[in-house]
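Asker: With chain A's structure known, arrange chain B on it following the hints.
As given, the protein sequences belong to chains A and B, one line each in that order. Residue numbering for the first sequence is 1 to 267, as defined by my numbering. Residue numbering for the second sequence is 1 to 247, as defined by my numbering.
Honestly, the hints are just simulated from the structure, not real lab data. Computed from a predicted structure; not experimentally measured. There may be inaccurate statements among the hints.
Example chain B residues on the side facing chain A (calculated, C-beta under 8 Å, incomplete) [unchecked claim]: (1) L54; (2) E55; (3) E77; (4) P89; (5) I100.
Listed next, the stretches of chain B that the computed footprint assigns to chain A, with coverage defined by at least 3 CB atoms under 8 Å from CB atoms of chain A [stated by the list, open to error]: (6) 80 to 88; (7) 101 to 110.
Cβ coordinates follow ideal geometry from the N, Cα and C atoms, glycine included.
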Amino acid sequence: MRPGRVAAIVLRQLYLLRGSVARAVPLVSWVAVDMVLWGFLTRWLDSVAAPGTTFVPTLLGAVLLWDFFTRVMQGVAQVFFEDVWSRNFLNLFASPITIGEYLAGLVTTCVGTSAVSLLVMMLLAGACFGLWIFVLGAVVVPFLIVLFVFGIALGIVGCAIVLRLGPAAEWFIWPIPALVSPFAGVFYPVATLPGWMQAFSRLLPPTYVFESLRAVARGGSPTYSDLALGGALAVVDLLLACMLFRSVHRRALRSGLIARYAAETVT
Amino acid sequence: MERVLEVAELRRSFGTQVAVDGISFTVGRGEIVGLLGPNGAGKTTTINMVLGVLEADRGTIRIEGIDAATRRGAALERTNFAAVYAPLPGNLTVAENLRIFALLYGVPHAAAKISALIDEYDLVRFRDTRCGVLSSGEQMRACLAKAMLNDPKLLLLDEPTASLDPAKAAEIRTRIRAFAQRGEAGVLWTSHNMVEVAEVCDRVLFLSHGRVLLEGDPRKLPGQHGKATLEDLFLAVAREPLSLAAE
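Next comes chain B alone, as it looks inside the complex:
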């Protein structure tokens, strides 16, 4: 499988605390990879480094083979993200925000693309509504529309369904799944919802204390470690990471 993201020996510390400790992983084209772990495991720090908003102490990040450290612009043109903690500016409407980000990402035929995304993410009613007055679920849909503007080859999603009701969350999962199945892009997905992860992800990486503790198929991985479900495995990673590391 062709790789859209290659992370090698990535390390980042804050003072004496090591947040990400030399992790390496890849995301293939058409693949959805879950980045899992308890709070403080290093998931968001990793995503921030991939997005170029946090410098790594060492290690490399390649997006479609492009070194993100030396060719930041070219790497980020192929990337986009949606995160629950990064809503679109609340003082602009959905359409205004999308127009601005279309310019930032150099989207060709932006008007048509924006209309299509507004339709696809069920935002027609909110097209001219300021993002700040939308519900958290509607804001996340606007963020996802922004994240799809440039047809990213690497899509980073940090808990994209955390603020959505079950029906909308299922819709979003279906759309992201379809997006990955087109085979043009890879998705790195973080979530604390293990049922969702098992449903959506092709492969998962369990992070603990900044290291990749486990990696594999989310449907097979629990059984391989004597657990009934992915949720049980997550709890084991959170509570007794050393025992899993020793396996």
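This is chain A alone, in the form it adopts within the complex:
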């Protein structure tokens, strides 16, 4: 793997962010809106709930972590979409860059953009609503790692879908986090779900993060074996996602899709 080629993908995104308010502002705007909205909601719920009850860690903490995951997933997809939108596939894939280097570029870029979003969310949640997320303990670090890895995996799956189906399939990608959230038990224990949904939940790495978050918020400790399982699932998902992208790319080379990828090439 040549670091210079990975750096090319990162540099491209830096140039785009530097030159476009429309790209830079959404890095922080939507997560900030979510923090404010859910912050006031939790504050109101605290005021009407039984004395001593607090929804801040379970609800606002969950929103913070879920928004981080969403930003990671969409961050990866957006870097890929830049090549779709600018019709750059031919120039890019006719260069010596390998698929591994290209994916590494997507992931490296996403580390930066999702870190900015996370920082803004942590500052807003802490300063405005008293949720300093790391007060929950060092366990927040594995929470973030599991969500980051799974977010990268889903982002790469999104890229593979768009590469396979064409640019219009972009609209399948943005709602993916919303489709996953009911199963992942972001706002409620997985035990609330019917059996068939619980079975699916167990396959999703975020499920273990949010179950652990609720345990920590109740003053307990997370089940580390479950968190490790979540981490292992996320790594497996990431490997599968990379294999899927590689396979779709190979198919695109075979069909000629890379060479003629344009506005309406859905096949």
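Answerer: Just chain B now, kept in the frame of chain A:
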């Protein structure tokens, strides 16, 4: 002449339609080879296979002796291209695009190389202008600057002067000619402008229905087939390829 590109028995079909039907040809170092033919003859399909963005059904492509199928990265490090249908991303400036492609191609001393190319392709005024707002001719000059970044040993040009005014087109032809005459690289050039082809190319290949129908010196080839000009020969290839094949 040492070969920079060797294409052997290359074949590619799309469903039942055969786009490239077992063609073989070479490009030598210092040579400009014209790949000619009517629309749908298989020129762009051939170029896409050489660039590694389209898989061949069979056949081999060697760039400086490197098998492009098994050592794609090494082959493409020695190759570059400019095509009228592959402009640089319009949301980045000329200099930004060149910096990014310099990283992709692993260009040493990239800053100096980029400055030299910006000068050479008359892009100084547009250095910090987004490519999307450039005229089509300016965009093609930016593409050509990108194509020269890695001092390619094989340069593929798909109608590089199609969107240029006659003066700029002549300049580009002179530069490409000088680039080939340095003797380090070979050029595969497609164009529908037969006057240009006759002026620039050392050798031409006429493709028809995915096959090499004729091959030779563009200045002698028309006479050898009873035609006055290369344009007349092109029309004959497009209209009556079977009669030429039978010769």
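Asker: Of the numbered hints stated earlier in the document, which are not met by this structure?
Answerer: Of the numbered hints given earlier, the structure breaks none, since each of them holds.
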